[in-house]
Amino acid sequence: MIRKYNEGDLDRLMEIWLNENLSAHEFVDADYWKNNVPYVREALTEADLYIYEEDNQIKGFAGVVDGYLAGIFVTNSYHRQGIGQRLLSTVKENYNEIALDVYEKNKQAYQFYLKNQFDVIAKKVDEESNEVELTMLYKAE
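In terms of the working numbering, the sequence shown opens at residue 4 and continues consecutively.
Read the hints as simulated data drawn from the structure, not as lab findings. Fair warning: there could be bad hints in the mix.
In the DSBU-like style, the derived pairs of lysine-lysine whose C-alpha atoms are separated by at most 30 Å in a straight line are [stated by the list, open to error]:
#1 K126 - K37
#2 K62 - K142
#3 K7 - K110
#4 K108 - K142
#5 K62 - K95
#6 K37 - K108
#7 K62 - K7
#8 K62 - K108
#9 K118 - K142
#10 K118 - K108
#11 K95 - K7
Take the sequences, apply the hints, and build the full model.
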(Lines of atoms letter the chains of each structure in order from A; the text may use other names.)
(Lines give C-alpha, C1' and ligand atoms only; values in the text may rest on other atoms or scores of the structure.)
Protein backbone atom coordinates (compact mmCIF):
# COMPACT_ATOMS: atom_id res chain seq x y z
CA MET A 4 0.00 0.00 0.00
CA ILE A 5 1.13 3.55 -0.67
CA ARG A 6 0.63 6.08 2.06
CA LYS A 7 1.86 9.51 3.06
CA TYR A 8 4.84 10.15 5.33
CA ASN A 9 4.69 9.81 9.12
CA GLU A 10 7.31 11.38 11.37
CA GLY A 11 8.44 7.96 12.60
CA ASP A 12 9.44 6.96 9.04
CA LEU A 13 12.50 9.19 8.73
CA ASP A 14 15.22 6.83 10.00
CA ARG A 15 14.04 4.00 7.73
CA LEU A 16 13.78 6.34 4.73
CA MET A 17 17.32 7.57 5.31
CA GLU A 18 18.57 3.99 5.52
CA ILE A 19 16.89 3.16 2.19
CA TRP A 20 18.10 6.42 0.60
CA LEU A 21 21.75 5.83 1.53
CA ASN A 22 21.84 2.11 0.72
CA GLU A 23 20.13 2.48 -2.63
CA ASN A 24 22.25 5.44 -3.73
CA LEU A 25 25.44 3.57 -2.83
CA SER A 26 24.20 0.53 -4.75
CA ALA A 27 22.86 2.31 -7.85
CA HIS A 28 25.70 4.81 -8.18
CA GLU A 29 28.92 2.86 -7.71
CA PHE A 30 30.53 5.34 -10.12
CA VAL A 31 30.11 8.13 -7.52
CA ASP A 32 32.45 8.23 -4.49
CA ALA A 33 30.62 6.81 -1.44
CA ASP A 34 31.65 9.86 0.61
CA TYR A 35 29.49 12.03 -1.65
CA TRP A 36 26.37 10.21 -0.44
CA LYS A 37 27.50 9.93 3.18
CA ASN A 38 28.32 13.65 3.31
CA ASN A 39 24.84 14.51 2.00
CA VAL A 40 22.97 12.57 4.70
CA PRO A 41 22.31 15.61 6.96
CA TYR A 42 21.07 17.72 4.03
CA VAL A 43 18.82 14.96 2.70
CA ARG A 44 17.46 14.20 6.17
CA GLU A 45 16.34 17.83 6.45
CA ALA A 46 15.07 17.97 2.85
CA LEU A 47 12.89 14.88 3.31
CA THR A 48 10.91 16.64 6.02
CA GLU A 49 10.02 19.35 3.47
CA ALA A 50 9.11 16.99 0.59
CA ASP A 51 5.88 15.30 -0.40
CA LEU A 52 6.73 11.70 0.42
CA TYR A 53 4.92 8.63 -0.84
CA ILE A 54 5.74 5.53 1.19
CA TYR A 55 5.32 1.98 -0.09
CA GLU A 56 4.61 -0.24 2.90
CA GLU A 57 3.70 -3.91 3.05
CA ASP A 58 3.32 -6.05 6.19
CA ASN A 59 4.26 -3.02 8.32
CA GLN A 60 7.59 -2.76 6.50
CA ILE A 61 8.64 0.22 4.39
CA LYS A 62 9.99 -1.17 1.13
CA GLY A 63 10.39 2.05 -0.83
CA PHE A 64 9.47 5.68 -1.22
CA ALA A 65 9.31 8.60 -3.63
CA GLY A 66 10.04 12.22 -2.76
CA VAL A 67 8.73 15.26 -4.63
CA VAL A 68 9.47 18.93 -4.03
CA ASP A 69 7.47 21.48 -6.05
CA GLY A 70 6.99 19.12 -8.99
CA TYR A 71 10.62 17.92 -8.90
CA LEU A 72 10.98 14.18 -8.35
CA ALA A 73 13.98 13.97 -6.05
CA GLY A 74 13.98 10.22 -6.42
CA ILE A 75 12.31 6.85 -6.18
CA PHE A 76 14.09 4.51 -3.81
CA VAL A 77 13.21 0.84 -3.38
CA THR A 78 15.08 -1.52 -1.08
CA ASN A 79 17.35 -3.70 -3.21
CA SER A 80 15.75 -6.99 -2.14
CA TYR A 81 12.38 -5.71 -3.44
CA HIS A 82 13.55 -4.54 -6.86
CA ARG A 83 11.72 -5.85 -9.95
CA GLN A 84 8.42 -6.25 -8.07
CA GLY A 85 6.63 -3.19 -9.49
CA ILE A 86 7.07 -1.05 -6.39
CA GLY A 87 8.89 1.75 -8.22
CA GLN A 88 6.24 1.69 -10.94
CA ARG A 89 3.45 1.99 -8.36
CA LEU A 90 5.22 4.85 -6.63
CA LEU A 91 5.74 6.70 -9.91
CA SER A 92 2.11 6.14 -10.92
CA THR A 93 1.00 7.68 -7.62
CA VAL A 94 3.27 10.68 -8.17
CA LYS A 95 1.90 11.11 -11.71
CA GLU A 96 -1.66 11.08 -10.33
CA ASN A 97 -0.76 14.07 -8.16
CA TYR A 98 1.35 16.17 -10.57
CA ASN A 99 0.68 17.17 -14.18
CA GLU A 100 4.33 18.00 -14.76
CA ILE A 101 7.32 16.29 -13.15
CA ALA A 102 11.00 17.10 -13.60
CA LEU A 103 13.92 15.00 -12.40
CA ASP A 104 17.65 14.51 -12.80
CA VAL A 105 19.24 11.12 -13.39
CA TYR A 106 22.88 10.22 -13.85
CA GLU A 107 23.60 9.22 -17.42
CA LYS A 108 25.49 6.16 -16.14
CA ASN A 109 22.43 4.98 -14.19
CA LYS A 110 21.07 3.13 -17.22
CA GLN A 111 18.38 1.24 -15.31
CA ALA A 112 16.79 4.40 -13.90
CA TYR A 113 17.17 6.24 -17.22
CA GLN A 114 15.37 3.45 -19.10
CA PHE A 115 12.66 3.30 -16.42
CA TYR A 116 11.88 7.00 -16.83
CA LEU A 117 11.96 6.82 -20.64
CA LYS A 118 9.45 3.95 -20.49
CA ASN A 119 7.23 6.16 -18.33
CA GLN A 120 6.93 9.07 -20.78
CA PHE A 121 9.80 11.22 -19.49
CA ASP A 122 11.84 13.08 -22.11
CA VAL A 123 15.41 14.34 -21.80
CA ILE A 124 15.36 18.15 -21.88
CA ALA A 125 18.93 18.95 -20.75
CA LYS A 126 22.33 17.43 -20.12
CA LYS A 127 24.89 18.83 -17.67
CA VAL A 128 27.78 17.86 -15.41
CA ASP A 129 26.89 17.75 -11.72
CA GLU A 130 29.54 19.89 -10.04
CA GLU A 131 29.60 17.93 -6.78
CA SER A 132 29.85 14.40 -8.20
CA ASN A 133 31.50 15.41 -11.50
CA GLU A 134 29.11 13.05 -13.33
CA VAL A 135 26.87 13.75 -16.31
CA GLU A 136 23.23 14.23 -15.35
CA LEU A 137 20.21 14.21 -17.61
CA THR A 138 17.26 16.42 -16.76
CA MET A 139 14.03 14.71 -17.74
CA LEU A 140 10.47 15.98 -17.87
CA TYR A 141 7.04 14.35 -17.82
CA LYS A 142 3.91 16.23 -18.88
CA ALA A 143 0.45 14.73 -18.48
CA GLU A 144 -1.43 14.48 -21.76
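Results of checking the hints against the structure:
1. K126 - K37: It holds: about 25 Å lies between the C-alpha atoms, which stays within 30 Å.
2. K62 - K142: holds (27 Å)
3. K7 - K110: holds (29 Å)
4. K108 - K142: holds (24 Å)
5. K62 - K95: Distance ~20 Å between K62 and K95 Cα, so the pair holds.
6. K37 - K108: Answer holds: K37 to K108 is near 20 Å, not above 30 Å.
7. K62 - K7: Roughly 14 Å between the alpha carbons, so the hint for K62 and K7 holds.
8. K62 - K108: holds (24 Å)
9. K118 - K142: holds (14 Å)
10. K118 - K108: This hinted pair holds, its Cα atoms lying about 17 Å apart.
11. K95 - K7: holds (15 Å)
Hint violations for this structure: none, all hints satisfied.
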